[in-house]
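These protein sequences, in sequence, are chains A and B. Position one of the first sequence corresponds to residue 1 (the working numbering), numbered consecutively onward. Position one of the second sequence corresponds to residue 480 (the working numbering), numbered consecutively onward.
No lab work stands behind these hints: they were computed from the structure. Be a bit skeptical, because a hint or two may be false.
Straight-line distance between alpha carbons at most 27 Å, and here's what the computed DSS-like set of lysine-lysine pairs gives [stated by the list, open to error]: (1) K537/B <-> K137/A; (2) K312/A <-> K114/A; (3) K537/B <-> K408/A.
Derived, one-sided and incomplete: chain B residues facing chain A with beta-carbon distance under 8 Å [unchecked claim]: (4) S481; (5) S524; (6) R525; (7) V560; (8) N612; (9) P617; (10) F618; (11) A637; (12) A725; (13) V757.
Simulated restraints, written as ranges between beta carbons of each label pair [to be verified]: (14) T544/B <-> G144/A: 26 to 34 Å; (15) D268/A <-> A637/B: 36 to 44 Å; (16) G762/B <-> E242/A: 42 to 50 Å; (17) P717/B <-> E242/A: 33 to 41 Å; (18) P360/A <-> P617/B: 47 to 55 Å; (19) F4/A <-> A611/B: 27 to 35 Å.
Glycine included, C-beta positions come from ideal geometry on N, C-alpha and C.
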Amino acid sequence: MPKFDYAPAPESRSIVDLRASYGLFIDGEFTDGGGTPFKTVNPADEEVLAEVAEADEADVDRAVRAARRAYEKVWGPMPGRERAKYLFRIARILAERSREFAVLETLDNGKPIKESRDVDVPLVSQWFFYHAGWADKLEYAGLGPNPRPLGVAAQVIPWNFPLLMLAWKVAPALAAGNTVVLKPAETTPLTALLFADVCRQAELPPGVVNIVTGAGETGRLVVSHPDVDKVAFTGSTPVGREIARTVAGTDKRLTLELGGKAANIVFDDAPLDQAIEGIVRGIFFNQGHVCCAGSRLLVQESIAQEVLDRLKARMATLRLGDPLDKNTDIGAINSAEQLARIRDLAATGDAEGAERWSAPCPLPDRGYWYAPTIFTGVTQAHRIAREEIFGPVLSVLTFRTPSEAIEKANNTPYGLSAGVWTEKGSRILAMANRLRAGVVWANTFNQFDPASPFGGYKESGYGREGGRHGLASYLEGTR
Amino acid sequence: MSDRLDVRKTYKLFIGGAFPRSESGRTYEVTSSRGAFLANAAKASRKDARDAVVAARKAFGGWSTRTPYNRGQILYRVAEVLEGRRDQLVAEVRAAEGVTEKRAHGLVDAAVDTWVWYAGWSDKLAQVTGNANQVNGPFFNLSTPEPTGVVAVAAPQASSLLGLVEVLAPVLVGGNTAVVVSSYARPLPSITLAEILATSDVPGGVVNVLTGDIAEVGSWLAGHLDVDALDLTGVEDPDLARELEAEAAINLKRIVRPGTPTAPDLARITPFLETKTVWHPIGV
Chain A
1 MPKFDYAPAP ESRSIVDLRA SYGLFIDGEF TDGGGTPFKT VNPADEEVLA
51 EVAEADEADV DRAVRAARRA YEKVWGPMPG RERAKYLFRI ARILAERSRE
101 FAVLETLDNG KPIKESRDVD VPLVSQWFFY HAGWADKLEY AGLGPNPRPL
151 GVAAQVIPWN FPLLMLAWKV APALAAGNTV VLKPAETTPL TALLFADVCR
201 QAELPPGVVN IVTGAGETGR LVVSHPDVDK VAFTGSTPVG REIARTVAGT
251 DKRLTLELGG KAANIVFDDA PLDQAIEGIV RGIFFNQGHV CCAGSRLLVQ
301 ESIAQEVLDR LKARMATLRL GDPLDKNTDI GAINSAEQLA RIRDLAATGD
351 AEGAERWSAP CPLPDRGYWY APTIFTGVTQ AHRIAREEIF GPVLSVLTFR
401 TPSEAIEKAN NTPYGLSAGV WTEKGSRILA MANRLRAGVV WANTFNQFDP
451 ASPFGGYKES GYGREGGRHG LASYLEGTR
Chain B
480 MSDRLDVRKT YKLFIGGAFP RSESGRTYEV TSSRGAFLAN AAKASRKDAR
530 DAVVAARKAF GGWSTRTPYN RGQILYRVAE VLEGRRDQLV AEVRAAEGVT
580 EKRAHGLVDA AVDTWVWYAG WSDKLAQVTG NANQVNGPFF NLSTPEPTGV
630 VAVAAPQASS LLGLVEVLAP VLVGGNTAVV VSSYARPLPS ITLAEILATS
680 DVPGGVVNVL TGDIAEVGSW LAGHLDVDAL DLTGVEDPDL ARELEAEAAI
730 NLKRIVRPGT PTAPDLARIT PFLETKTVWH PIGV
């Protein structure tokens, strides 16, 4: 496969007006935080982008009280058609400012501008647009004639899709009539804070959306606050477990989107060109920082060698480097901590006897980088086949029969997603039926849409986001 | 009553389609609401609970992949057999709950009717809880419900038969298998129900009934890694409910909290359903 040399084509960062420091967004205003401010860096070059306030207990309490007030006085009583119009406004403003958000997301997260520009931010706007339409149609959501919002929603989101996860949480909550206190991840708070400016432009009433920044301790304060009615979390399974324990015995409703170790199953009759692209999209999209990443390739033994040869050839053409460059395929690992975790887990692959191959791409000197990597000769007992790696590392296993593929695919405590590649329709449906996963991509992978429910089986969490099912996570039925 | 001495039944557990005594050899005395001796019920142990989970897991594959029509027929058959044993159940419910004969008849009738109501849901769940999703691109995209897996159920303490049916039938109709801990003080109707299940085409292991103390058995089930969901309806002590919910977080079990209404409702079925969404490109 030829690899063409392109001249650098960096997106200008001048569209983003970064402030030196950011406060908390509570009750419609930016305020100081009581905790210790922290720095957020550009993972591509380790440059400090801004200093961000840390919310302490009093700040979180202030945010919850503002959300409660807004819920009781303004947002809860407001007719759905009016809420809808606010959400449509937000969707439009996000689209208008999409380039600014894309550049800022890439700066703070390290993902290629190609992805933030063409995937993340368009989906964010679409997410608000889709849910805006629900706000005045809740009685048609299948939950009875007069479904009620839950109240104040505490939402804690991860760093892999910072703004998109905000949209997944905030849009359905607001459409259903709830108000929110949102905590973005400590390494990627900037697009959430810029979203506060969208709320200002949309003239969203104060207190409907509150954003408190900080790390794990702030997250704990948010989800354990006694005056919160709903907790929604996206992140790791261990933290999800801790949150489930925290809300035990309360009346809080809980939805969790946790880890995954998805199998991407390729049969010998698969459309191989598409399958290779799907494998690459499945594990290297967003540097593999995707909970539903296809991190286990299950390939039918008879075509394993051919698939591996073609996969390596394709991986050799991936462009790793400056995330702001429009030709970049693989951006930076989000943080030094995550890079260390990826390195540690990959090292167990070497130690346990799997064979490593990495794409021959030079890594920049500064910043956090990891070359796209595959391990072959992986067994189900290897840690790299069992644990979520959350990085650009693919474990390759083989199978002979459909039953063996199912057995291996389901042999995990996770159950978020799975992929199937075959030209045989009846086999697709049989596999889809037997895979214990919340999302099954057949002859495609890593597709997302606000109308499509997303969420896991087993230890990948519970509840759905997106579609009618996702909306139901923010409503109390009256039937 | 004639002078004939009656032959009493030994009430045992119901695990994997069989009626074993507790492996532990433990029993406890069950009395009527007026304090008269009724029977020695088996007091389920940790090993019994684990055996029941193994049986439920083993039965899950077959039960969950039957056609919904077939599952509906089997559950309707349960109602038929229940109907035929109304008199026995009326007597047991009267003894257990101390209600009038008329009231006991009403409770048993409601149990049969509740079973019929849930049986009819089996082949409508996908239509009512599923969706075709209009995504922004050329994709087929369909969301359908699937059973969660093995569900551990704490049955209500007061309502010995109707309460049990109200929590058990909704678990089964979606294709899950169940391990039920019945009312501690009023366990006898649950074993008679087990006899009905054993003789009405429900495959062994789909329902497993443990008599015993939820304060003891609950923790073994809540912490079990092969249990996928936990219904705490019958846990009356809030501290115990909180402990069990917290313990269940070990593998992110789906939880139904105490106080959740038990009247027949779709909302009783959906906590034990997972939504699976399948995508496929559209093209020629």
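To see whether the hints hold, each was checked on the structure:
For the proposed pair K537/B and K137/A, the alpha carbon gap of about 43 Å is over 27 Å, so the pair is violated. Under the criterion of a C-alpha separation no larger than 27 Å, the hint pairing K312/A with K114/A is consistent with the structure, at around 22 Å. The hinted pair formed by K537/B and K408/A meets the criterion: a straight-line CA distance of about 18 Å does not exceed 27 Å. With 8 Å as the threshold, the beta carbon of S481/B stays out of range of chain A, its nearest partner Cβ sitting at about 52 Å, so the hint is violated.
A distance limit of 8 Å between C-beta atoms decides the matter here; for S524/B the minimum to chain A is near 25 Å, and the interface restraint is violated. Interface restraint check for R525/B: the shortest CB-CB distance to chain A comes to about 22 Å, outside 8 Å, so the restraint is violated. Violation of the interface hint for V560/B is found here, the shortest Cβ-Cβ separation to chain A being roughly 30 Å, above the 8 Å cut-off. With its C-beta approaching chain A no nearer than about 5 Å, N612/B sits inside the 8 Å limit, and its interface hint holds.
About 10 Å separates the beta-carbon of P617/B from the nearest beta-carbon of chain A, more than 8 Å, and the hint is not met. Of the supplied interface hints, the one on F618/B holds, with its beta-carbon coming within about 7 Å of a beta-carbon of chain A, less than 8 Å. For A637/B, the shortest C-beta to C-beta distance to chain A is roughly 22 Å, which exceeds 8 Å, and the interface hint is violated. Interface restraint check: A725/B against chain A, minimum CB-CB distance 4 Å, threshold 8 Å, status holds.
Hint on V757/B holds. Least Cβ distance to chain A is approximately 5 Å, under the 8 Å limit. At about 32 Å, the beta-carbon gap between T544/B and G144/A stays in the expected band of 26 to 34 Å. With their beta carbons about 59 Å apart, D268/A and A637/B fall outside the hinted range of 36 to 44 Å. At roughly 44 Å, the beta-carbon separation of G762/B and E242/A lies within the given 42 to 50 Å, and the hint holds.
Range check, P717/B to E242/A: Cβ separation about 21 Å, and the 33 to 41 Å hint is violated. In this structure the hint that P360/A and P617/B lie 47 to 55 Å apart at CB is violated, the actual value being about 35 Å. Our hint of 27 to 35 Å for F4/A and A611/B is violated, since their Cβ atoms are close to 41 Å apart.
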